[in-house]
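J.: Under UniProt numbering, the first residue of the sequence shown carries the number 1, and numbering increases by one thereafter.
Bear in mind the hints are in silico, worked out from the structure with no lab data behind them. All figures in this text were calculated on a predicted structure; none of them were measured in a lab. Just so you know, not all the hints are guaranteed correct.
Claimed, not checked - In the DSSO-like style, the derived pairs of lysine-lysine whose C-alpha atoms are separated by at most 27 Å in a straight line are:
{"id": "1", "residue 1": "K46", "residue 2": "K83"}
{"id": "2", "residue 1": "K78", "residue 2": "K120"}
{"id": "3", "residue 1": "K78", "residue 2": "K46"}
{"id": "4", "residue 1": "K120", "residue 2": "K46"}
{"id": "5", "residue 1": "K83", "residue 2": "K120"}
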Amino acid sequence: MGRFIFVSFGLLVVFLSLSGNGADPPCPPDWSFFNQSCYQVFNQWKNWADAERSCMQEAEGAHLASIQSLAESAYVAKLASNKPLRLSSVWIGLSATRTPLQERTWQWTDGSPFGYESWKPGEPNNFLWIEEDCVELSLFSRYLEWNDLHCGSLNYFVCKFQP
Numbered sequence: 001m002g003r004f005i006f007v008s009f010g011l012l013v014v015f016l017s018l019s020g021n022g023a024d025p026p027c028p029p030d031w032s033f034f035n036q037s038c039y040q041v042f043n044q045w046k047n048w049a050d051a052e053r054s055c056m057q058e059a060e061g062a063h064l065a066s067i068q069s070l071a072e073s074a075y076v077a078k079l080a081s082n083k084p085l086r087l088s089s090v091w092i093g094l095s096a097t098r099t100p101l102q103e104r105t106w107q108w109t110d111g112s113p114f115g116y117e118s119w120k121p122g123e124p125n126n127f128l129w130i131e132e133d134c135v136e137l138s139l140f141s142r143y144l145e146w147n148d149l150h151c152g153s154l155n156y157f158v159c160k161f162q163p
């Protein structure tokens with residue numbers, strides 16, 4: 001009887017170790033899991049619109065990343081810092097629409113509310129009167145601060161989706 005219990009217990013341990021514990025992240029390979037979302041930084045030069053299209057093709061519900069908190073900002077900055085980005089800033093999913101008076105309203109591509117902000121000092125600014133209606137994580141702030149930039153500029157990008 002003792003041997004039966006020992007063997008049964010051993011088989012149970014093996015079964016549980018092979019089946020996982022339910023805490024495995026539900027993200028595809030090469031994606032990272034944080035706070036109920038999957039993220040991936042892509043080392044491909046794209047303008048903002050093409051980067052958004054690429055995210056939407058990568059996974060169902062994926063968009064350029066929205067950033068809703070300081071903790072999420074720090075996590076995305078860490079992901080970007082761990083990639084060999086070759087002196088590139090990184091597109092996120094924030095862009096502006098303009099009113100007839102050229103005032104900007106900021107919105108996330110995934111439709112989440114715009115509340116948290118992490119602009120570099122002096123941003124957003126439309127540098128040299130160029131319409132800078134898309135937002136990048138600035139390489140020069142270690143990807144922690146936002147810079148508005150012309151949407152046709154080329155950057156790497158970070159995508160996000162909820163599995």
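J.: All hints, please: hold or fail.
T.: Results of checking the hints against the structure:
no. : hint         : verdict
1   : K46 <-> K83  : holds, 16 Å
2   : K78 <-> K120 : holds, 18 Å
3   : K78 <-> K46  : holds, 21 Å
4   : K120 <-> K46 : holds, 22 Å
5   : K83 <-> K120 : holds, 22 Å
Checked against the numbered hints listed earlier, the structure breaks none of them; every hint is satisfied.
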